[in-house]
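With the hints as constraints, model all of the structure from the sequences given.
Residue-level listing of the chains:
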Amino acid sequence: MAKARGTDGSLLSSLPWTLASLALALLPHILFLPAWITAAFLGCGIWRYLIEQRRAALPSAWLRAPLALLCFLGVYFVYGTISGVGPGSALLAIMASLKLLEARKRRDQFVLLFIAIFLVMAALLREQYLWSLPYLLAALLFITTAWIRISAKPSESVHRSFATGARLLLYAAPLAIAMWVFFPRIATPFWAIPIDMSSGVSGLGDTMSPGDISSLSLSNAVAFRVRFESAVPAPRERYWRGLVMHHFNGRTWSGSDPSVGLRAARQVEVRGEPVKYQVTMEPTHQQWVYALDMPYRWTLERTFMGRQQELARVFPIDQRIAYEIESYTDYRAEAQLNRFANAAYVALPEGSNPRTVELAQQMRSAAGSDGAYIDALLAKFHNEEFYYTLQPPPLGSNPVDRFLFESQRGFCEHYASAFGVMMRAVDIPARIVLGYQGGELNPVGDYMIVRQSDAHAWVEVWFEGRGWVRVDPTAAVAPERIELGIASSLFDGIGMEWGLAAPSLLLHQLQLSWDALNAGWNDWVLGYGPDKQNDFMRMLGMDDPSWRKMMLTLVTMVIGLILLVSAGLTIRYRPPVRDRAAILYQRFVRKTGIDIGIGEAPDAFASRVGDASRCGANTINDITDTYLEARYGSTDPAALQRLEEQVGTMR
Amino acid sequence: MSSIRWPYPNVAGIVRNIASIAPRTRAAAASRVKNWARKRQGVDPDHIQLTAGRTYILPTGVGFIYGLMSFAMLLGSMNYNNNLSFVLTFFLIGLGFVAMHQCQRNIVCLEVSFAGVEPVFAGQAAQFRIAVTNHSKNPRFRIRLYVDATVSDIHDLEPGESQVFVIPVASDRRGWVRLERFGIRTLFPFELFRSWAWLHMDIRGLIYPKPLEVVAEPPATQIALGHRQHDARGEEDFAGLRRFIVGDSPRNVAWKAYARSGQLLSKQFAGADTSSQWFDFNAFDGDDVEVRLSTLARWIVDADRTREDYGLKMPGEDIPPSHGEAHRHRCLEALALFGLGDDRG
Chain A
1 MAKARGTDGS LLSSLPWTLA SLALALLPHI LFLPAWITAA FLGCGIWRYL IEQRRAALPS
61 AWLRAPLALL CFLGVYFVYG TISGVGPGSA LLAIMASLKL LEARKRRDQF VLLFIAIFLV
121 MAALLREQYL WSLPYLLAAL LFITTAWIRI SAKPSESVHR SFATGARLLL YAAPLAIAMW
181 VFFPRIATPF WAIPIDMSSG VSGLGDTMSP GDISSLSLSN AVAFRVRFES AVPAPRERYW
241 RGLVMHHFNG RTWSGSDPSV GLRAARQVEV RGEPVKYQVT MEPTHQQWVY ALDMPYRWTL
301 ERTFMGRQQE LARVFPIDQR IAYEIESYTD YRAEAQLNRF ANAAYVALPE GSNPRTVELA
361 QQMRSAAGSD GAYIDALLAK FHNEEFYYTL QPPPLGSNPV DRFLFESQRG FCEHYASAFG
421 VMMRAVDIPA RIVLGYQGGE LNPVGDYMIV RQSDAHAWVE VWFEGRGWVR VDPTAAVAPE
481 RIELGIASSL FDGIGMEWGL AAPSLLLHQL QLSWDALNAG WNDWVLGYGP DKQNDFMRML
541 GMDDPSWRKM MLTLVTMVIG LILLVSAGLT IRYRPPVRDR AAILYQRFVR KTGIDIGIGE
601 APDAFASRVG DASRCGANTI NDITDTYLEA RYGSTDPAAL QRLEEQVGTM R
Chain B
1 MSSIRWPYPN VAGIVRNIAS IAPRTRAAAA SRVKNWARKR QGVDPDHIQL TAGRTYILPT
61 GVGFIYGLMS FAMLLGSMNY NNNLSFVLTF FLIGLGFVAM HQCQRNIVCL EVSFAGVEPV
121 FAGQAAQFRI AVTNHSKNPR FRIRLYVDAT VSDIHDLEPG ESQVFVIPVA SDRRGWVRLE
181 RFGIRTLFPF ELFRSWAWLH MDIRGLIYPK PLEVVAEPPA TQIALGHRQH DARGEEDFAG
241 LRRFIVGDSP RNVAWKAYAR SGQLLSKQFA GADTSSQWFD FNAFDGDDVE VRLSTLARWI
301 VDADRTREDY GLKMPGEDIP PSHGEAHRHR CLEALALFGL GDDRG
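If you read the protein sequences in the order shown, they are chains A and B. Numbering follows the working numbering, in which position 101 of the first sequence is assigned residue number 101; successive positions increment by one, without gaps. Numbering follows the working numbering, in which position 181 of the second sequence is assigned residue number 181; successive positions increment by one, without gaps.
The reader is advised that the hints may include incorrect statements.
[As the list claims (entries may be wrong)] Derived DSBU-like pairs (lysine-lysine); straight-line CA-CA distance at most 35 Å:
(1) LYS210(B) <-> LYS34(B)
(2) LYS105(A) <-> LYS137(B)
(3) LYS137(B) <-> LYS591(A)
(4) LYS276(A) <-> LYS105(A)
(5) LYS137(B) <-> LYS256(B)
(6) LYS256(B) <-> LYS267(B)
(7) LYS210(B) <-> LYS137(B)
(8) LYS105(A) <-> LYS34(B)
(9) LYS256(B) <-> LYS153(A)
(10) LYS549(A) <-> LYS532(A)
(11) LYS34(B) <-> LYS153(A)
(12) LYS313(B) <-> LYS153(A)
(13) LYS313(B) <-> LYS210(B)
(14) LYS276(A) <-> LYS99(A)
(15) LYS591(A) <-> LYS39(B)
(16) LYS267(B) <-> LYS210(B)
[Claimed, not checked] Restraint ranges, calculated between C-beta atoms of paired labels, are given here:
(17) PRO45(B) <-> GLU644(A): 26 to 36 Å
(18) THR570(A) <-> ARG24(B): 38 to 48 Å
(19) LYS105(A) <-> ARG181(B): 38 to 48 Å
(20) GLY116(B) <-> ARG580(A): 30 to 40 Å
(21) LYS591(A) <-> LYS34(B): 32 to 42 Å
(22) ALA221(A) <-> VAL151(B): 52 to 62 Å
(23) GLY43(A) <-> VAL151(B): 30 to 40 Å
(24) PRO159(B) <-> PRO443(A): 27 to 37 Å
(25) PRO45(B) <-> THR570(A): 42 to 52 Å
(26) LEU58(B) <-> PRO443(A): 38 to 48 Å
(27) ARG580(A) <-> ALA22(B): 53 to 63 Å
(28) VAL314(A) <-> MET69(B): 24 to 34 Å
(29) GLY67(B) <-> ALA341(A): 55 to 65 Å
(30) ASP544(A) <-> LYS34(B): 16 to 26 Å
[Stated by the list, open to error] Not everything, but these chain B residues come out facing chain A in the computed CB check (under 7 Å):
(31) SER85
(32) PHE90
(33) PHE91
(34) GLY94
(35) ARG105
(36) CYS109
(37) SER136
(38) ASN138
(39) LEU340
Hints are computed from structural coordinates only; laboratory data are not their basis. Beta carbons are placed, not taken as given, at the ideal position from N, Cα and C, and that holds for glycine.
Written out as structure tokens, the structure reads:
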């Protein structure tokens, strides 16, 4: 038993490379995996290497089996499931660690390399950055080197294994590129497996409770990028619609429902020219699809407009997606509201925020009309001591009362919430829209960046016949944002360019260039989907691209490239053409009428043939000498010439 | 309970039946394929350069798993529409194609030639020596020769390098042992594919009859023919060293030389013979032919070991008394081929 577990050091030449491949494959997962898994892998790797180095015995099954059980239970305990990229990569790491402890034969390492490949793929599913491509190529180089070393003789130099692996990868590259370009992309997945949710993407919440948040952290992370085909809308038009909330319980707004899908044309009438643009959106793990207020036509599959004109996809956006949209800034949404809807949009919980309700009713009767009332309210925010701050004090019960009459400090959510309540208090239907406002034009790539820090909340008010009208109470307060430091205050500014806040113009320029590079990468590599592929095929001259045509091109190209590789290998591996002297010598041997033995030296042959030949020993010896001179002696072409003549005249 | 009949077919039994048929079918198919290749290629000369047309290739088990893995990764990439994982998947698929061609090219254009086989006694394995030469400018990796399940060592061949591969072939009977078919194969580069070529050279090795273990002394009726070249004291003059061959006495092995060079050498002596005798095939009564041959083989080996002169009388052929390696071989060959109606190759 102990003998079967013994090692003999035969893995020493390949094991370090197998371990390095696994480590490289695991590297992008480390931040997402529980620390004990990384520690287990490192421990097992070092342990296994020391075992091989000392030719010790592998741990017994009695030790491995409980260890395996413990690890698998650990994964289940941490994740509560075993499907998805997170638990999947954890399981792969565990499997690799345990397999290491029982890998005795050379070929057991193949399993480890397969695990490494799956880990690399899991890393790519989790995140796709600009460096992901170099990372993936580096991982492949390590894996192929390890692979070559597994079957190479132990004394083979690392340099040679690496060169062999790299050469094979180089041959495979054109095949890979051809397949990548021409393999038909499909738009919808076959099945949905949750991609890891812990990757920490910030986005908008599904609810809004302004009183609960005492500090809004602003992230510079990109929410989405926009490339306009038509004219770029003016800053005051840059409202990116997200979700819409109609239900208010006195503290919290909620009630956006993406489940009811309708077509935009049934809810919205549009006028004027559309704004045409393309959005590349970062994953949010939510269903909301952001679009300029008000979206009308879009290319994204299985995406519908909700009952409150919020755009949502049927399944969450777990990956970066790109879509084309047409929006109209001049629109009329829901000209008519039925009784039940109207009641829902004016509902306020009984007895909450009483002072706000009282103030609203006073102001409404003083104003005389709904329009005048709204103007008066905005003027109140503008003229009175209301401050814009990202660090508002927490508000207790009746947060709207506390905000309007006591703190008078807040950010967009506070103003939107207060404004909404003031509308509802006098039976004007109102709702809150969460989305983004603004966006920075990047001159480097000629597109607009919308960041998480551009997140914004505003109000929509409904008028009979006019439908929903956008009102942004924060805009009324914005000019007086004096409590803020200049850098952070500008993040949420209306129409202010983020660039002014950057510490240095040069640094900002670099950031913009880097972002442009990323955007191009996202557009052309990561976002190479059905539409882009269609465009590209047309660019290549394929009319009316279909998956059949692309498959045909793909197969043709792959076969052509394989033939090319094969031809290249044939040339590389062919034996050298025999030189003229050897051919002449062969003719001479035939003319003697005597067979030459395999490996028989010309001298030996000459002395054996000697006088037996018709032409005599002298001729034989002469020709043999000339041949040796021509083939092995000087590089003088005269010798070859002489041989030619001698063999020619020989009878 | 037992009266209730299981209404479904006996799946386990069917699977077992199929499984039991499978190895037989496989063996039958394999031999058919081999015969087809033999017919197609004909008999090869002793010296041949492998062409692409006679090089076959199939995926290995690892190759099948690799294919399945690539397919699974393709489905995954399609499902997530993840372009980077497409890159990884297509690289792996491309690598598979490249590995296939590289694997075949790794043995094509190699020169294979027969490099002889030492005669052995029945029961020992004949060591067929096959030289493989790489005339191209690129190294060839992990080449191995094989006959059925018997394999040679694995060698890499640098440009211009020649390596001798040894294939042991077991032989129970005296006479010729033929190596009708042997293969050359490689798994390089990734062990995803196995590429091989079959060679059908007309090569054979001589098998001497197995010397009987226990045997009577040679009949004392033999006449000394006066080949004695030295005085009666039997003083032996050391004449030199030669390569150890099976059957040499351990007493004559030059152990000091072995310790120095690691090579087994036998001491040769001149004038060691003290008597000459004839071993006569017809001097036995009643014994079976094979027993006679084995007995004669034993006597020859022993006589050679004690450096006596000996002659061999076979029906139709007399080999006059002499000694030395060539003589020993001549006598043993006569025994090996006796009655086989075969020419002496």
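Consistency of the hints with the structure:
Distance restraint check for LYS210(B) and LYS34(B): the Cα-Cα separation of roughly 32 Å lies within the 35 Å cut-off, and the hinted pair is therefore satisfied. Straight-line distance between C-alpha atoms of LYS105(A) and LYS137(B) comes to about 33 Å, which keeps the hinted pair within the 35 Å bound. For the hint pairing LYS137(B) with LYS591(A), the CA-to-CA distance comes to about 32 Å; that is within 35 Å, so the pair holds. For the hint linking LYS276(A) to LYS105(A), the alpha-carbon distance of about 61 Å lies beyond 35 Å, and the restraint is violated.
With a CA separation close to 42 Å, the supplied pair LYS137(B) and LYS256(B) exceeds the 35 Å bound. Taking the CA atoms of LYS256(B) and LYS267(B), the gap is about 11 Å. The hint holds against a cut of 35 Å. At roughly 47 Å between alpha-carbon atoms, LYS210(B) and LYS137(B) are farther apart than 35 Å, so this suggested pair is violated. Taking the CA atoms of LYS105(A) and LYS34(B), the gap is about 31 Å. The hint holds against a cut of 35 Å.
For the suggested pair LYS256(B) and LYS153(A), the alpha carbons sit about 33 Å apart, so the restraint of at most 35 Å is met. A distance of roughly 16 Å separates the Cα atoms of LYS549(A) and LYS532(A); the hinted pair therefore holds under the 35 Å criterion. As the CA atoms of LYS34(B) and LYS153(A) are separated by approximately 30 Å, the hinted pair is consistent with the 35 Å bound. Pair hint LYS313(B) plus LYS153(A) does not hold up; C-alpha atoms about 53 Å apart against a cutoff of 35 Å.
Our distance criterion of 35 Å between C-alpha atoms is met by LYS313(B) and LYS210(B), whose separation comes to about 19 Å. For a cut-off of 35 Å, the pair hint linking LYS276(A) to LYS99(A) is broken: about 54 Å separates their Cα positions. Taking the CA atoms of LYS591(A) and LYS39(B), the gap is near 33 Å; set against the 35 Å cutoff, the hint holds. For the proposed pair LYS267(B) and LYS210(B), the alpha carbon gap of about 24 Å is at most 35 Å, so the pair holds.
The hinted window of 26 to 36 Å between PRO45(B) and GLU644(A) holds, with their beta carbons roughly 29 Å apart. A beta carbon spacing of about 39 Å between THR570(A) and ARG24(B) agrees with the range 38 to 48 Å that was offered as a hint. Between LYS105(A) and ARG181(B) the beta carbons are some 29 Å apart, a value that contradicts the proposed interval 38 to 48 Å. A beta carbon spacing of about 32 Å between GLY116(B) and ARG580(A) agrees with the range 30 to 40 Å that was offered as a hint.
Checked against the hint of 32 to 42 Å, the pair LYS591(A) and LYS34(B) passes, with Cβ atoms roughly 41 Å apart. Distance hint for ALA221(A) and VAL151(B): a CB-CB separation of about 60 Å, consistent with the stated range 52 to 62 Å. For the pair GLY43(A) and VAL151(B), the beta carbons lie near 38 Å from each other, so the given range of 30 to 40 Å is met. Evaluation of the 27 to 37 Å hint for PRO159(B) and PRO443(A) yields a failure: the beta carbon distance comes to about 57 Å.
Restraint check, PRO45(B) to THR570(A): a C-beta distance of roughly 23 Å breaks the suggested window 42 to 52 Å. Hint check: LEU58(B) to PRO443(A), Cβ distance near 59 Å, so the stated range 38 to 48 Å is violated. At roughly 56 Å, the beta carbons of ARG580(A) and ALA22(B) sit within the given window of 53 to 63 Å. The supplied range of 24 to 34 Å is met by VAL314(A) and MET69(B), whose beta-carbon atoms lie about 31 Å from each other.
For the hinted restraint 55 to 65 Å between GLY67(B) and ALA341(A), the CB-CB distance of approximately 58 Å keeps it satisfied. For the hinted restraint 16 to 26 Å between ASP544(A) and LYS34(B), the CB-CB distance of approximately 52 Å leaves it violated. At a threshold of 7 Å, the smallest CB-CB gap from SER85(B) to chain A is about 5 Å, leaving the interface hint in force. Evaluation of the PHE90(B) hint against chain A yields a held restraint, the C-beta minimum of about 4 Å falling below 7 Å.
Among the interface hints, the one on PHE91(B) holds; its C-beta lies about 4 Å from the nearest C-beta in chain A, closer than the 7 Å criterion. A hinted interface residue such as GLY94(B) counts as satisfied when its beta carbon comes closer than 7 Å to some beta carbon of chain A; here the least separation is about 3 Å, so the hint holds. Hint status for ARG105(B) relative to chain A: holds, with the closest Cβ pair at about 4 Å, below 7 Å. Given hint, CYS109(B) at the interface with chain A, holds; its Cβ is 5 Å from that chain's nearest Cβ, closer than 7 Å.
Interface restraint check: SER136(B) against chain A, minimum CB-CB distance 5 Å, threshold 7 Å, status holds. For ASN138(B), the interface hint holds, the least distance from its beta-carbon to any beta-carbon of chain A being 5 Å, beneath 7 Å. About 27 Å separates the beta-carbon of LEU340(B) from the nearest beta-carbon of chain A, more than 7 Å, and the hint is not met.
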